[in-house]
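2 protein chains.
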Amino acid sequence: MHRTRVRIVEDALDANNTIARANRADFDREGVAVLNLMSAPGAGKTSLLEQALGAPLPGGARVGVLEGDVQGSLDADRLADRHVPVVQLNTAGGFGGECHLDANMVRSAIDQLPLAEIDLLVIENVGNLVCPAEFRVGEDARAMVCSVTEGEDKPLKYPLMFRACELVVINKIDLLAHLDFDLDRLLYHLDAVNPHARRMLTSARTGEGVDELREWLAALAVRAPAVL
Amino acid sequence: MHRTRVRIVEDALDANNTIARANRADFDREGVAVLNLMSAPGAGKTSLLEQALGAPLPGGARVGVLEGDVQGSLDADRLADRHVPVVQLNTAGGFGGECHLDANMVRSAIDQLPLAEIDLLVIENVGNLVCPAEFRVGEDARAMVCSVTEGEDKPLKYPLMFRACELVVINKIDLLAHLDFDLDRLLYHLDAVNPHARRMLTSARTGEGVDELREWLAALAVRAPAVL
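Heads up: the protein sequence lines correspond to chains A and B, in order.
Residues 6 to 233 in the numbering used here are what the first sequence spells out, letter by letter.
Residues 6 to 233 in the numbering used here are what the second sequence spells out, letter by letter.
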């Protein structure tokens, strides 16, 4: 029973990777770099994007966003207010909804994306620290947002997510003074599971660290080796 | 393709419900009430349990905890320090790990649970606002913890989770003064998806509201109609 289950999952991941490569080829054809942005619910992905994309990126790279949500278009509406081209992708089906984006869902949205008019596509995944890390969608890089309010133990509890990412953005640092949170301990745990991850400290609320994130996004848009 | 997929999921949920009923029968035989406790990662489930279970419950109900995590036993260790009987259940397999507990996983742990020695079993689910709400595990009641740091929009973004629960615990209220968070708006959104949910305001850090949670757990342990 257990072995059958693992086999089904492996087949599903194989199929997913095949479609992810097709997505990748389409993005390459249009010269679009792609970021898969992940986090737990409420860590601040959308707020950070609102801050980071409110003004043109350094170097002038044009950005589009694909918003993944179980249902609704709240986040897409927020980003559309910033005049960023944004496409909403909902994962709700006949059952409770998918907890992650997969390559096929992203593929279903490719036609609606203005690929010819952008240099960087940010795919905002469903808020979840488990399954999104298992499904490639055709991205160049993966980043996650981790809020200091979530505690220092998260890299140990969700190691696949922290290991999958080139960049870990530690957000809501404006709250540090009001929390029993040991930043060194979070970084120590992050080192244990992914010593190579670039890390950044940000506050979407105060804007601290957002320029560094903007520089990183700009470098990703031109696929600079420092990022990839 | 899509129809086949929905069919597979429905079959899986049917099988899950059958096993959940078997769990329920086992819990009933031992006179154990069961709570399925859910939240996003880092919302404070374990911290609240540490506070709520640090002293005997009103009425003297005896509590055990089943800890669901992708991997590791950090939370179980924290609760064991409070002298609560706790069993760890890890969902990590050959792939990235399951993002939720299902009835079969809980069933696999039943033999290790000291059912004859407890009146209430709290099952702490994997931190995730999507899939845990889809899988019954044989519980009497479902509760979720929602942190004020996650934003007011979460009931609209994860309606199945908020709809599934008899109790919504709004945690980390000690941080309200430091956030741009509108509590009335969260409650308004909660009313929209689940007007019947009992709600509580808590801070695991200051202990505010924890007595109310302890009273609710004590009532659940004797399966009081006010709770169920």
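I should point out that these hints are in silico values taken from the structure, not numbers from a laboratory.
This structure is a prediction, so every number in the text was calculated from the model and none was measured.
Please note that the accuracy of each hint is not assured.
[Stated by the list, open to error] So, partial list: chain A residues that the calculated Cβ filter (under 7 Å) puts toward chain B:
no.	residue
1	Thr23
2	Val135
3	Cys136
4	Lys162
[What the hints assert, rightly or not] Counterexamples of contact, computed for chain A against chain B with all Cβ distances above 12 Å:
no.	residue
5	Ala30
6	Gly65
7	Asp74
8	Glu103
9	Glu122
10	Asp145
11	Ala146
12	Glu171
13	Leu188
14	Asp189
15	Leu192
16	Arg219
Glycine included, each C-beta is placed from N, C-alpha and C at the ideal position.
These are the hints, each one checked on the structure:
1. For threonine 23 of chain A, the interface hint is violated, since its Cβ never comes within 7 Å of a Cβ in chain B; the closest pair sits about 14 Å apart.
2. A least Cβ separation of about 4 Å between valine 135 of chain A and chain B falls short of the 7 Å threshold, and the interface hint therefore holds.
3. Restraint check, cysteine 136 of chain A versus chain B: the minimum CB separation of about 5 Å is within 7 Å; hint holds.
4. The criterion of a C-beta within 7 Å of any C-beta in chain B is met by lysine 162 of chain A, whose closest approach is roughly 6 Å, and the hint holds.
5. With a least beta-carbon separation of about 21 Å from chain B, alanine 30 of chain A lies farther than 12 Å from that chain, consistent with its non-interface assignment.
6. The Cβ of glycine 65 of chain A lies farther than 12 Å from every Cβ of chain B, with a closest approach of about 31 Å, so its non-interface assignment holds.
7. In this structure aspartate 74 of chain A is not separated from chain B by more than 12 Å, as the shortest Cβ-Cβ distance comes to only about 6 Å.
8. At roughly 7 Å from the closest C-beta of chain B, the C-beta of glutamate 103 of chain A falls inside 12 Å, breaking its exclusion from the interface.
9. Here glutamate 122 of chain A stays apart from chain B, with its beta-carbon at least about 28 Å from theirs, past the 12 Å limit.
10. With a least CB separation of 21 Å from chain B, aspartate 145 of chain A remains clear of the 12 Å interface cut-off, as annotated.
11. At the 12 Å boundary, the C-beta of alanine 146 of chain A stays outside the reach of chain B, the nearest C-beta of that chain being 19 Å off.
12. With 12 Å as the threshold on Cβ separation, the claim that glutamate 171 of chain A sits away from chain B holds: the shortest Cβ distance comes to roughly 18 Å.
13. Against chain B, the non-interface label of leucine 188 of chain A holds: every CB pair exceeds 12 Å, the least being about 15 Å.
14. At roughly 17 Å, the least C-beta separation between aspartate 189 of chain A and chain B is larger than 12 Å, which holds for a residue marked as non-interface.
15. Annotated as non-interface, leucine 192 of chain A keeps its C-beta farther than 12 Å from every C-beta of chain B; the closest such distance is 16 Å.
16. Chain B leaves arginine 219 of chain A outside its interface by the beta-carbon criterion, the shortest separation being 22 Å against a cut-off of 12 Å.
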